[in-house]
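Could you use the hints to bring the two separately framed chains together as a complex?
Okay, here's what each chain looks like letter by letter:
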Amino acid sequence: MDDLSAYVSAYLDEAAEHLRELQGLVPSLARSDVRLDDVHAAFRAMHSIKGGAAIFGQATMADIAHVSEHLLDALRKGARAATEDESDALIQALEALEDVIAALRRGETPERGGPQRAIERLAVMTGQTAGLARHDPADFPGLAESALLPFTPAAGAADDDAGGFGFFVPPGGGAVAAPEADYLQDALLGGAEFFVILPGELEPDTGLPMLTPMPDRFASPKAASTLPAPASAPSRAAIEPPLPSGPLSSGQAPMLPADTVRVASARLDGLLELASGFSQLYGQLEDATRHDYVLRQRVDPVLDQFERMTRELHSAVMALRLVPLNFAFSRLTRLVREVSAQLGKPAQLALRGADTEVDKALVERLSDPLMHLVRNSLDHGIEQADVRRALGKPEHGQLVLSAEQRAGQVVIALEDDGAGLSRSRILERAHALGIALAEDASDEAVWQCIFEPGFSTTASVNAMSGRGVGLDVVRQTLQGLGGRVRVTSRAGKGARFELRLPLTLAVLDGMLVTAGGDHYLLPVAVVQESMDARTASVHTVAGGREAISLHGRPIPVYRLENLYASQSGPIPPVLMVIADEAGTYALAVDELHGQHSAVVKGLEGRLRGLPGVTGSTVVGAGRTALILDPQALPGLIRQAGAQHAPPPAGPGHVQPEASGDEIPLVSTSALVGHDD
Amino acid sequence: MSRPLILVVEDSAAIRSLVCDTLVQAGLNVVEAEDGLDALQRARRARFDLVLSDQNMPRMDGLSLVRELRRIECYQQVPIVMLTTEASTDMTQAGRLAGATGWIVKPFEPRRLLRVVQQVLQSVAVLHG
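Protein chains in written order, with this note's numbering: chain A, 104 to 779; chain B, 148 to 276.
Here chain B stands alone, though its shape is the one from the complex (with noise of 0.2 Å):
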């Protein structure tokens, strides 16, 4: 996989920047979306390897993103990862039960969201080739 490219949904201009950026320097290719429903069209118009959304956002919420993502044939193995100041056992077994794959609780460090974006990309290569 070259260069993977990765969907990163966040309200927060600032918290989208700081990601973004994270994830750029790195190598990774990153496309923005402000919401879900922004995110939902975006996937629909490109195969993106990775999703990382925030949760409480305008017009769609990142759940509902993820289970909107979860019947496009083409998103059914692609990790999503839930990046959310939520850190409830319900909120983050609904992430579970919704087809999340992983739930990050903000604040996080750059460095280790670094870290966990490159680790689940490297499993995902390793199990689907």
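So here's chain A without its partners, still in its complex pose (with noise of 0.2 Å):
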């Protein structure tokens, strides 16, 4: 044992977990219904950060936990109640935890004055002088009446044993305080009943690893900032090889291990990746099998049970990485707080199936968009109190966030009773952005506007939701997630906004594709149809460029190929209709290979950076596939014909047709409306 990192890492996941606990129950426990069982359970939750921090050295951590213990303590024996100021601090002192410890797992070194201000304010608000609990033997009246021997290091035993108080009690009661060290035999053959050992300084560097208490850094707020951070390098271990801790002598029991494991979730991807191998190998045995029907027919139903095996190894592999959404929802009850106290309109939120499970990574990511869509309805949305009195609608605004699993998918939605968006104002600024928008487009098409760049209805920026950045970083956000955002909105009832996600960013399902050579796998919820190039009837327009009408409406045609050198001849024969948010084009690829659920990789070394790619898998054979961006293709394609010449209609070219058509190649984001 000669690293403690090893087992700081364990604790920094327990703490993280007891961390999303807390962060379900705190946001209710200033609520009239509270149960008692929920207070409990959160002090518990605390504790055993708080105890598990001061034992692994992690010093600012276990003073968030220590005074926020302190007020749990008080709400769970009734010496106080609960108001929103309470769940609030404590709401803080959560998201101090959460930074600290996504620093430490980077590790980083903590940022101090989130710690410090959570820190600052529960002690106040409990009346605390904000320093830990410093064992002192006086604090043990009872066991320290007679005989106490207040022990210092230099009147003390052997030098390695310098600290820790021991106190024995004497058959016949009474106690004695002593250092523990040689004392504790004598005591225990003396006939001592009972003995209690308190936490001594720091020891020494020894062969064991060092744990450093922790320092009384916040007795003094003021000059707590300026003491340096705890030394928490463990020393190197002198000790002797571990003993191999041998098989048990007879009759004893087995060394059972405790029925809880925790693992890296990169172990857990290393499963997920033999378990697309399997799917993989059945897809490989059915092909190879496919015409020998006599052998087909012994072999059926072992494959069928392969098969089915396969697929709930994938599932029950998936299932270990679901956490509860809790974790991205708790800070917003905090946040509506913040935001509607500062906009001056009250407003409550609602939270509904926080204990929907999606990928833990997902959780992590969601956490700004969430915040981001939750001030814009608070700032956009939600109307002045007296606006909403003279409107007959309760004073406060209302807010609701829920979430639940539909088919493979999570759907959070953010719903409140404002306004809604203003359709008039919304076409009149995607007017003033350029953005193509005909006055008659669908509400649904000119409520998407929100999400461009730029794009904001309101003439001041508003420094709260405003921030200089808009909505398009949740579409952004979102997309890189593989996800959609879309809105909702009825004129005086109020906006809906609801996220779609997959379950999980480890596996994408995706359209396998190949383009000069190389494979690609396009996700497959962009993927609208796919079509044959020689029955689209691909017409060329102005720059050379392609296009194709699918249901009576121009779309542009771009070639895969194109992305990294500008090919031209023939359109290759398979295109690809391609529709998100942003609008929709065709895609012209050399062969579509069918669907493929792929383990997403990063990208690595050369392919690292790579514009257009989000990542890569292994697809058969060990071959490699990009998985694209579809939102990027279109301006990279662009981007790289322009680079070099535009290429002239080819030979083999397909003839532009006679029609007249003006395609408005402007950019595919004005191409809003797609049919789905």
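Hints may be right or wrong, so weigh each one.
[Said to hold, decoys possible] Label pairs and their in silico Cβ distance ranges:
{"#": "1", "chain 1": "A", "residue 1": "D489", "chain 2": "B", "residue 2": "M207", "range": "34 to 42 Å"}
{"#": "2", "chain 1": "B", "residue 1": "G174", "chain 2": "A", "residue 2": "R401", "range": "53 to 61 Å"}
{"#": "3", "chain 1": "A", "residue 1": "V402", "chain 2": "B", "residue 2": "I219", "range": "53 to 61 Å"}
[Unchecked claim] Pulled from the structure, derived: some chain A residues nowhere near chain B, Cβ distances all over 10 Å:
{"#": "4", "residue": "D116"}
{"#": "5", "residue": "E198"}
{"#": "6", "residue": "A367"}
{"#": "7", "residue": "S527"}
{"#": "8", "residue": "E547"}
{"#": "9", "residue": "G620"}
{"#": "10", "residue": "V722"}
Keep in mind that the hints were calculated from the coordinates and are not lab data. Glycine included, every Cβ here is placed at the ideal spot set by N, Cα and C.
Next comes the structure, spelled out in structure tokens:
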């Protein structure tokens, strides 16, 4: 045991788990119908965070947990009732803990300001001196009545036993205090009934890891910031190699592990890849035996079972990655309070389905977009209180955030009962921004404009939801996560933002295609249809650009092979029609191989930073396919085309149709309002 | 007593690993339990020489475990040492009344923990042969 880091990372995982539980519990503490069980559970979770933090030398976490625990203790004992102020302060502490854990996991030194503010707020609230409990013999009157000998290292036993108080209860009562070292055995042999050993001071460098006791950093909040961070580097062990934990002597219990196992998510990814390997093997087996009917009759039952078990394995591994959405939701309660106070618009947030489970990685990345949407609803959706009164609405604006799993997707919706979106103002703004949009465009197409970069319907950029960032960031984040966002609105009644996401980021359902000899994967979610280029009547328009007419609408065509090198010549035979919030276009590829469930890998080495590509995956026989970002493709392919001379229509080129269609190839984002 | 067998009861896997590794490396045999109930079940299947238990745990807390163990005949003399953040006089007195042998307040230093465990085991060996 020469390194504490293994324990620390296990501890951080545990702390994060307790934190998630707390994030689910704390927002409800101020409610009148709060269950006492929940208060106790919150206390226990915080207590566990504190206990581990102290042992593993995480002073900041221990300090935050200490003041939080103090408040929770008062709440569970009924010594004080929680108002929104209390639950707010606790949420602030949870956020500070979350940030510290995140920083420690990244191997960084946690930022000090957030924890400090959270600690001071709670300390003031509970009237604590904000100092951690230091154990003093005087705190133990019952044990230390008689013969109490406060220990000082100078007066004490062997040097290496400096520190630590032991209390022994001799037969017949009373108590003696002594440094625990040599006295413990004597005391026990002498018939002491009970001993208590309190934590001692920092020990000098020894063979075993040295755990840093918590410094008394917040005894004076002002002085705290000047104190150095606690030394946490464990000393290298100079102890004997560990003894093998050999077989136990007969008659003894086998060495059973506890029932919970924690694993790094990288290991889960490994399992997932194995599971995918199995599905590929299934495909190959199916393929190889396809034409041998006699053999097929014998192996079909086995193949069926193989396929079913592979699928089960897959979903079992996937389930391991899921965590409840609490994590992303809990911050929002506080955000609503803060923002509504700042804007002077009273509002309430109700949460539904916070226990819906999604991929852990997804939960973490959803936090920002959700905060953004909540801010946006408060700022632009909810009316001022006097307006609401005049309209006969309840004075408090109502926000409802709900989540549910639906057919392999998670659907998160934020609804408000505010004014709804203004069609006329959005159209006006869209025209000012040069977004091509007909006056009679569908509502949905109009609403979708608010996700365009630079869009804002308020005249003055508000410091609150503004911050120079628009809803386009929300859409971008969602698309980066393989999801989509859409908005519906009813004038005067409110708006509803609906986010749809895959349950996981680890697996992508894609269409496997080849272009220019390379394999690519297109997310299934954006593929509207595929068609034969020969029947689609591709025509060339101004600048050598190509287009087709789809359901009576002109759609630009891009050749995937032109992504990295400009090619001309006959149009590749397969057109994939890609439709997302930003528009519709057709992507010309050489071959469509069908649907493929891919285990997503990051890009490594020379592939890193490759434009238009979000990841890679292995597709049979060790071949790599690049996962494409459909939204980025048109721009990139146009760019590639501009760098090389625009290809003239080659000899084998499909001749333009006689129709004089003017194709508005301004940008795909102009082509809003696709059917789906 | 060859190779004493110790039951470590702790719901935090991180702390449990630290305690167990510390003891195992000193040549002690260790069985892990993740709460009081788990510990009680394991204690009924094997005879441990020492029980080291946390106090605050789900399903069954440490002091309840102590009381349950003391009702089992072969555990009446077995040292049970609490290892917990709880440090109030009320709690330690409750521990004493429940029949705990000793009380170690977290945070602990692994080396000191090991020494306490060894001394307790030795005194048991001297007292009971």
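To see whether the hints hold, each was checked on the structure:
A hinted range of 34 to 42 Å is violated for the C-beta pair D489 (chain A) and M207 (chain B), which are about 57 Å apart. Our hint of 53 to 61 Å for G174 (chain B) and R401 (chain A) holds, since their Cβ atoms are close to 58 Å apart. With their beta carbons about 57 Å apart, V402 (chain A) and I219 (chain B) fall inside the hinted range of 53 to 61 Å. At the 10 Å boundary, the C-beta of D116 (chain A) falls inside the reach of chain B, the nearest C-beta of that chain being 8 Å off.
Distance check on E198 (chain A): its Cβ is at least 22 Å (rounded) from any Cβ of chain B, clearing the 10 Å threshold; non-interface status holds. Distance check on A367 (chain A): its Cβ is at least 14 Å (rounded) from any Cβ of chain B, clearing the 10 Å threshold; non-interface status holds. Non-interface status of S527 (chain A) relative to chain B is upheld: no Cβ of that chain comes within 10 Å, the nearest being about 58 Å off. Interface exclusion of E547 (chain A) from chain B stands, the closest Cβ pair being 49 Å apart, more than 10 Å.
Every CB of chain B lies more than 10 Å from the CB of G620 (chain A), the least distance being 50 Å, so the non-interface label holds. Every CB of chain B lies more than 10 Å from the CB of V722 (chain A), the least distance being 38 Å, so the non-interface label holds.
The structure shown violates the earlier hints numbered 1, 4.
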